[in-house]
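K.L.:
The lines below spell out each chain.
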Amino acid sequence: MTDSPIDIDKKSELNNLPRRYKKISITRYFIYLALIVMVIWSFQGSQFSFEGLLDSTQYFKRFLGEAFPSIGILGENEHSITWKDTFRYTRELIETFQMAFTGTLLGIIFGFILALLSSKGLLGNSRPMRLVQETVKALILLFRTVPDLVWAIIFVMLVGLGAFAGTLTIMVDTIGFCGRFFAEEMEDVDKSPADALESCGATKLDATFAAVVPAAMPGLITTSLFAFEKAIRGSVVLGLVGAGGIGMSLNALFNWMAYDRAMVIIGMIFALIFVVEQVSQYLRRKVTQNEEKRI
Amino acid sequence: MNAIEVKHLSKSYADFEVLRDISFTIGVGESIAIIGSNGAGKSTLLKCLTRITEPSQGSINVFGDPILKFRTGALRRMRSSIGVVFQKHNLVPRLSVLTNVIHGDIGRLHNVSKFPLAGIRNWGQISASNRTRKKAMEALEMVSLSHLALQRADTLSGGQSQRVAIARALMQEPNMILADEPVASLDPVAANDVMSLFYDLCKNKNITLIFTSHNVEHALEYGNKVLAIKNGRLSLFKDSNSIEIKTLQAEYD
Ligand SMILES: Nc1ncnc2c1ncn2[C@@H]1O[C@H](COP(=O)(O)OP(=O)(O)OP(=O)(O)O)[C@@H](O)[C@H]1O
Ligand SMILES: [Mg+2]
Numbered sequence: 097m098t099d100s101p102i103d104i105d106k107k108s109e110l111n112n113l114p115r116r117y118k119k120i121s122i123t124r125y126f127i128y129l130a131l132i133v134m135v136i137w138s139f140q141g142s143q144f145s146f147e148g149l150l151d152s153t154q155y156f157k158r159f160l161g162e163a164f165p166s167i168g169i170l171g172e173n174e175h176s177i178t179w180k181d182t183f184r185y186t187r188e189l190i191e192t193f194q195m196a197f198t199g200t201l202l203g204i205i206f207g208f209i210l211a212l213l214s215s216k217g218l219l220g221n222s223r224p225m226r227l228v229q230e231t232v233k234a235l236i237l238l239f240r241t242v243p244d245l246v247w248a249i250i251f252v253m254l255v256g257l258g259a260f261a262g263t264l265t266i267m268v269d270t271i272g273f274c275g276r277f278f279a280e281e282m283e284d285v286d287k288s289p290a291d292a293l294e295s296c297g298a299t300k301l302d303a304t305f306a307a308v309v310p311a312a313m314p315g316l317i318t319t320s321l322f323a324f325e326k327a328i329r330g331s332v333v334l335g336l337v338g339a340g341g342i343g344m345s346l347n348a349l350f351n352w353m354a355y356d357r358a359m360v361i362i363g364m365i366f367a368l369i370f371v372v373e374q375v376s377q378y379l380r381r382k383v384t385q386n387e388e389k390r391i
Numbered sequence: 139m140n141a142i143e144v145k146h147l148s149k150s151y152a153d154f155e156v157l158r159d160i161s162f163t164i165g166v167g168e169s170i171a172i173i174g175s176n177g178a179g180k181s182t183l184l185k186c187l188t189r190i191t192e193p194s195q196g197s198i199n200v201f202g203d204p205i206l207k208f209r210t211g212a213l214r215r216m217r218s219s220i221g222v223v224f225q226k227h228n229l230v231p232r233l234s235v236l237t238n239v240i241h242g243d244i245g246r247l248h249n250v251s252k253f254p255l256a257g258i259r260n261w262g263q264i265s266a267s268n269r270t271r272k273k274a275m276e277a278l279e280m281v282s283l284s285h286l287a288l289q290r291a292d293t294l295s296g297g298q299s300q301r302v303a304i305a306r307a308l309m310q311e312p313n314m315i316l317a318d319e320p321v322a323s324l325d326p327v328a329a330n331d332v333m334s335l336f337y338d339l340c341k342n343k344n345i346t347l348i349f350t351s352h353n354v355e356h357a358l359e360y361g362n363k364v365l366a367i368k369n370g371r372l373s374l375f376k377d378s379n380s381i382e383i384k385t386l387q388a389e390y391d
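Keeping their order, the protein sequence lines are chains A and B.
Taking this note's numbering, I'd label the letters of the first sequence as residues 97 to 391.
Taking this note's numbering, I'd label the letters of the second sequence as residues 139 to 391.
For reference, chain B alone in the conformation it holds in the complex (with noise of 0.2 Å):
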């Protein structure tokens, strides 16, 4: 089984076509790194694999499942199980740090509830669960994040927030991750810390990541293949070790 099938893929925002017959598989534990310029679709592409954007045609299977055919609580087991790290972070701006990394954890409520409601227990970080605490002061001690868990997420520096958004995804306990440049706004030696951390995670606990780039470097370290976008379509799908860095830096003409 696969991790991930995509078959034909296209989206296009009224008559703009944004990705174009993409078609590519990627094997369970593996790392890829997409790559592409500004615009290419790349994030476009990562929203489309949970859905958070509703493709315009083509299939994809996660790990062996047709999620385009998936109605909402199927979605939503689905996505309980891959952690998505946004391009914009995107942090409930007023609530704690560690509400918001708590968050990550309202899938598996469902999971283990029928009850509709089973979430609201971690809505905010006073009514969570021990377990629930501890396992998010866990999540940010992984990023190194701890001592500011009650400040409000709207107060934190660009590089404090992704590192948020990486516990929250943590926190899921997921088999996959899907990460839209996780380090972008990192410094130079938080961007390597993150980035070593997500890859041995991945390998350690067989975990499946995704993670667009802007650095080739990182790209080609970090990923045990590239697959590059170049105006919506498939343009490179390759073992990294079999790539040379100006065959990259052609993707971006």
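Chain A extracted, bound-state conformation (with noise of 0.2 Å):
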């Protein structure tokens, strides 16, 4: 005998146990296997080839070639750039900054408040209440999945050329991206501190500003911090549509095939990205470091 407490030989009625794995079904095997056939046929539509890959080295070589000429450090030659080409494509990676903040802000605004309109049962149960979140929630979905680059096209055509199309775009874009992950943070939020609140005869509506908004709040920052690093990735390439910022003058660079000023612009896009995403980082990870403390 031993003295352990639990006595696991007992021939107790453990009939009872939890059975180990689920069983699984013929349905879902056959799943299993559409997930493979899904596989094979993908990589043939996609004209995947390593021979192309390979292939492709020449072009390749040519294209480093000359985006990195081997110039001189001194004296003026045809891949030199100006102090005058400099400051320009400072100015237009600054605009790009702003089209991204100014963007992302706004949308992040509007975002919240469709985000609102949209959680199930946040401000309401009623049937009217309930059609609003679903037709919010259709609404997001469409700003989500119409690509940016449509809608940058679509906004140069309302708006003209320039910052404004482009700003308009991440705006857009961060609606759908906000809208959606803050209506799953703040429905993932433990309920009973709102419930709480309309026991003693809030409204839906403070419940959610008093109870909800601020439980999720961290979760809030952190998805505003995401889509503004989105932002900034996604506003690169709307200047290859018109809709302003530094890609108006990389596709430039592109089309005139001067892959050496375009490396420059790369390189400085890189370097605005990078810095981005590092303070955003930072700045995420101190939110998660000040909830954890307090736990």
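Don't take every hint at face value.
[As the list claims (entries may be wrong)] Taking lysine-lysine and the PhoX-like style, the derived pairs with C-alpha atoms no more than 25 Å apart in a straight line are:
no., chain 1, residue 1, chain 2, residue 2
1, A, LYS216, B, LYS226
2, B, LYS341, B, LYS376
3, A, LYS300, B, LYS207
[Claimed, not checked] Derived DEER-like restraints, expressed as beta-carbon distance ranges:
no., chain 1, residue 1, chain 2, residue 2, range
4, A, MET225, B, ARG269, 33 to 39 Å
5, B, ARG215, A, TYR125, 57 to 63 Å
6, A, VAL371, B, SER194, 44 to 50 Å
7, B, SER267, A, ILE102, 54 to 60 Å
8, B, ARG215, A, VAL371, 43 to 49 Å
9, A, VAL371, B, GLY211, 50 to 56 Å
10, B, GLY211, A, PHE370, 52 to 58 Å
Calculated from the structure, these hints are not laboratory results.
Where is the CB? At the ideal position from N, CA and C, for every residue including glycine.
Hints given; two lone chains; assemble the complex.
P.N.:
Structure, rendered in structure tokens:
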């Protein structure tokens, strides 16, 4: 006899042990099979080929040669960049940042409002309210599913070439992103404090702003920072369709096959994105650490 | 007029019947202890009384009003006069103690104004009126926590957070208090303090008190009547003077 308090040898009524695995049904086998077929089928359709990759090396070498020409440090030649150009690129880079920042800010604000309206049961559970929630959810989905380049083309058509079109594009993109994830964060927080507020006579709106939003705040902040990182990366491409920022110059340089200058711009973009991501990551870590300390 | 009249109340979750055909009447100013084993349905019964949980069947009258027929506005007015202390306290985690107490005063703002956003001033202690902040500090004083006013609610000990929940209920200036194991996480001395605080308050201001407890002595000492629930049914409802501890212990079999 052992003196363990739990006697597992006891021939007790332990025939109610929970099953270790779920039984896998026939349908599930077919689902797995279908997945494998889909992988093969997709590779075929995507024309993915290692040969193609290998064949590209000669073009790649030429591109590298032109993108990184061997230039003397001193003296003027066809590859040298003037201060004027450098200033212009810097100005455009700053414009890109401003577009991304403004667009994200507006997107966060409107995205938050739409998230409030679309969160299940948050502001109400009546039938008209549920209709609103489903409609707004669909609207957010629309914002998210239409690719940002398509939005950019639409806005360039509506407000003309330039940064404004880009800002609007980023705003809509951010509304789609924040609208969805803000709603998820608010749906995920423990609802009992909100119930408690309602049980002392608060409205759904009171309970939302006094209990749900404060509890979801760390999540809302990190999502917003992610949205900004995404916007900075996305804003570069918008220039390709004329929606402002440094992407416009990049596009022009590629068209002129001025790969060396394009490389300079890509370097600048890299630096911007790198800095923004580092700062954002630092802030996100601060937010989560601040929460952990309290628990 | 009675404080509460419950008739044939039932509550089911899916096909699981938590409460079955419960009827009782509570007079104004009475103090009622609800006892019963874990999972008997005590919390569910309390939540039904203010429709935080919707009953499946039956009728409930609170101070004469058929609350199951109430629509949002009337329900809110009724709720604003009933203080509820939840078993899990239900404080808003990232906000200060003071703000959590001030939340108890949101209902009053709606009662004095029809403006849908009337509650906004009491979302946080920053924007609340001086009068409200003073009142909240007094409520905290009553549960001896005024020194923690600006501490975040999720950093409190279990007993402290329970007392904040009690202060929030007092903040409502309620005419009835529903308290779900209000002293469960307090040490014995604090538990007696808080129970007598409740009891004296209710007797002085003629507030109706309904509390659940796993402490049989508390039930007999602070309840004028004891109501027992067993397997979702009302199994005893009696004057506490005419009950022996043994009878109550039988309720847990
Ligand atoms: N939302 C829910 N969905 C399903 N079942 C629930 C729900 N809420 C409560 N129950 C069940 O109802 C029963 C009664 O729960 P209740 O919380 O009222 O018990 P209690 O008497 O307060 O117990 P305790 O003394 O442990 O607090 C339990 O079996 C519980 O699992
Ligand atoms: Mg309970």
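K.L.:
State for each hint whether it applies.
P.N.:
Structure-based check of each hint:
A C-alpha spacing of about 24 Å is found between LYS216(A) and LYS226(B), which places the hinted pair at or below 25 Å, so the restraint holds. Note on LYS341(B) and LYS376(B): the hinted pairing holds, with a Cα-Cα distance of about 19 Å set against a maximum of 25 Å. Distance restraint check for LYS300(A) and LYS207(B): the Cα-Cα separation of roughly 19 Å lies within the 25 Å cut-off, and the hinted pair is therefore satisfied. Taken as a hint, the range 33 to 39 Å holds for the pair MET225(A) and ARG269(B), whose Cβ atoms sit roughly 34 Å apart.
About 59 Å separates the C-beta atoms of ARG215(B) and TYR125(A), a value consistent with the hinted range of 57 to 63 Å. For the pair VAL371(A) and SER194(B), the supplied restraint of 44 to 50 Å is violated, since their beta-carbon distance comes to about 59 Å. Separation of SER267(B) from ILE102(A) is about 59 Å and conforms to the stated range, judged on CB atoms against 54 to 60 Å. For the hinted restraint 43 to 49 Å between ARG215(B) and VAL371(A), the CB-CB distance of approximately 55 Å leaves it violated.
The hinted range of 50 to 56 Å is satisfied by VAL371(A) and GLY211(B), whose Cβ atoms lie roughly 53 Å apart. Look at GLY211(B) against PHE370(A): about 55 Å separates their beta carbons, and that is inside 52 to 58 Å.
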